[in-house]
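Protein chains: 2
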Amino acid sequence: MTLLVVGSVALDSVFTPFGQTADALGGSAVHFSVAASLLHPVRVVGVIGNDFPVDQLDRLTLRGIDWSGVERVEGESFRWKGKYSYDLQSRETLETRLGVFANFQPRLPAGAEEAKFVFLGNIDPELQLGVLDQVKAPTLVACDTMNYWIQSRREPLLKLLSRVDLLMVNDAEAREFSGDWNIHRAGRWLLERGPRRVVIKQGEYGALLIEKDRTFAIPAYPLEEVFDPTGAGDAFAGGFMGYLARNGVADTDAMRRAMVYGSTMGSYAVSGFDIQGFEGVALHDVVERVQLFEDLTRIPAAERIQ
Amino acid sequence: MTLLVVGSVALDSVFTPFGQTADALGGSAVHFSVAASLLHPVRVVGVIGNDFPVDQLDRLTLRGIDWSGVERVEGESFRWKGKYSYDLQSRETLETRLGVFANFQPRLPAGAEEAKFVFLGNIDPELQLGVLDQVKAPTLVACDTMNYWIQSRREPLLKLLSRVDLLMVNDAEAREFSGDWNIHRAGRWLLERGPRRVVIKQGEYGALLIEKDRTFAIPAYPLEEVFDPTGAGDAFAGGFMGYLARNGVADTDAMRRAMVYGSTMGSYAVSGFDIQGFEGVALHDVVERVQLFEDLTRIPAAERIQ
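Line order of the protein sequences matches chains G and P. Using our numbering, read the first sequence as starting at 1 and increasing by one per residue. Using our numbering, read the second sequence as starting at 1 and increasing by one per residue.
One chain only, chain G, in its complex shape (with noise of 0.2 Å):
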């Protein structure tokens, strides 16, 4: 069951309250995978400069990550620059660089085109849209977006929503997309335009699974301390989708354990900067914390009032 994810991979310059990089590594598919990487094979398709610090590289390759998609071209490498509020509720973008993602054609390396569970990070979304094509018969695609391909793309956008099983978007681009503030209307909204589910990422109010009948909503990971935001949401989708690629199933009730794993996965994505947070992770302490969700959610039985 190959896990495919197409994305960013960059050079990231933080801001926070508590401490700052520069050019780390950084990137929605780099997020992705080494949350990913935890629970099954993952497979990446993106772009490098040739600036690019090629032995950042290595920290994925002994995680197991299967790079060989990422190519390496002339030019620059992503930069995204960006500093948070002393709450860490708010961030603002200092610079965006595309660098070589400004001409990125992905080309699926042998073999991922067979790729079962597909993940259409967070790049322009003629590119998700082409990256599809070259998939022959997956069992589940999803997508993220943001805020700039919402006010850009909107056409190739909805065409791309059309088309994926899973939309995985944060509270805000929910509202944006939608054009509604209430984020239940929205999510229906969004559902009605193709995707069976959406995923809506809260941040520390955790996330929701909203399918046309029912909903499910799980807390954030109760944490004392948080150093870097960046990445969360892709580290959740990693979680999310190589917890359902290591089970090969996509039902409702692998969903919402899927959203716990990606939970998991974000709280040890804010925990440091770049992929620090992964340091030291193994599998038994995501199976651990995983556990202690299933604490912090748990309504005990009651007698039944009449």
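Please note that a few of the clues may not be correct.
[To be verified] Ranges between beta-carbon positions, derived for each pair:
| no. | chain 1 | residue 1 | chain 2 | residue 2 | range |
| --- | --- | --- | --- | --- | --- |
| 1 | P | 179 | G | 252 | 35 to 45 Å |
| 2 | P | 179 | G | 192 | 41 to 51 Å |
| 3 | G | 189 | P | 252 | 38 to 48 Å |
| 4 | G | 212 | P | 89 | 22 to 32 Å |
| 5 | G | 284 | P | 61 | 30 to 40 Å |
| 6 | P | 192 | G | 53 | 42 to 52 Å |
| 7 | G | 50 | P | 172 | 47 to 57 Å |
| 8 | P | 87 | G | 55 | 20 to 30 Å |
Because the hints were derived from the structure by calculation, they are not lab data. Even for Gly, the Cβ is constructed at its ideal location relative to N, Cα and C.
Once you have looked at the hints, place chain P on chain G.
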């Protein structure tokens, strides 16, 4: 197991994007008691001015609420006027007139000093302490407060905290009181001031029950239509305390279930102006919605990952 609430009985003028009210039935004790009365008899202690439209209180009598502890005195009733933003996420207080509440000295009516479950609604902490002094041997004392008292009555509020079993506030209040933006650290700070448990209400994101070594999180009921958030927190408290009083227990398991009843009552409260969200709601409706919460939060069992 007498359930007692002391709090405001008010005339509210509320502006929302969906309509407005003028001098409508409101106040913490009203919203609390309407919700609680679906689960357990409740006695109200409060004060109204001689301008209060007493027929409005018939709406409480019809629900079996004992408001014989509400004094009617010379002067103007407590009035609050507020306006919500387009997305109901924030509100502005346009006017607060304490009226007869300025000189209120709560006196428990005969028998109320035997109350086992006591909720000290959002009033001056000196008054909350005054009520607490009159109660003989309560099983559970819970209190609410707000930014106004946190800023102006910090010392008596800290004294109150050291004497109650449970503090119930919203996230902004927890942050302001503790001076910490991280909600879990804020919760721990509050626990260290006395109460064994802290409930933090997070509006559309649900609520947390924080104990020394454990946290429980419950999402809000998914609502596509929300009309007026006024009183939702008090209705939550009413459901929470009503459930505990009905069962005569106050352990962690009971409190977790009480959180579900609280959330259920909050979902009715926001569905209409003043107490209209509860019109036509019977106990069996409450029980049904509580069961829906169980589905909303259910993590399906699965083979353990090794």
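Residue 189 of chain G paired with residue 252 of chain P, Cβ distance criterion 38 to 48 Å: Once the Cβ atoms are compared, 39 Å apart, the range 38 to 48 Å for residue 252 of chain P and residue 189 of chain G holds.
Just tell me: holds or violated, for the beta carbon distance of residue 192 of chain P and residue 53 of chain G against 42 to 52 Å? Because 46 Å falls inside the window, the suggested range holds.
With respect to the beta-carbon atoms only, verify the hint that residue 87 of chain P and residue 55 of chain G lie 20 to 30 Å apart. 47 Å Cβ-Cβ, so the 20 to 30 Å window is violated.
Is it true that the C-beta distance of residue 179 of chain P to residue 192 of chain G lies inside 41 to 51 Å, as the hint says? holds (45 Å)
Indicate whether the distance between the beta carbons of residue 212 of chain G and residue 89 of chain P respects the range 22 to 32 Å. holds (26 Å)
Starting from the hint 47 to 57 Å, judge whether the C-beta atoms of residue 50 of chain G and residue 172 of chain P obey it. Taking Cβ atoms as reference, residue 50 of chain G and residue 172 of chain P lie about 50 Å apart, which means the hint holds.
Is 35 to 45 Å a correct range for the gap between the Cβ atoms of residue 179 of chain P and residue 252 of chain G? With Cβ atoms ~43 Å apart, the hint holds.
Cβ-Cβ distance between residue 284 of chain G and residue 61 of chain P: within 30 to 40 Å? violated (60 Å)
Hint check: violations occur at hints 5 and 8; the rest are consistent with the structure.
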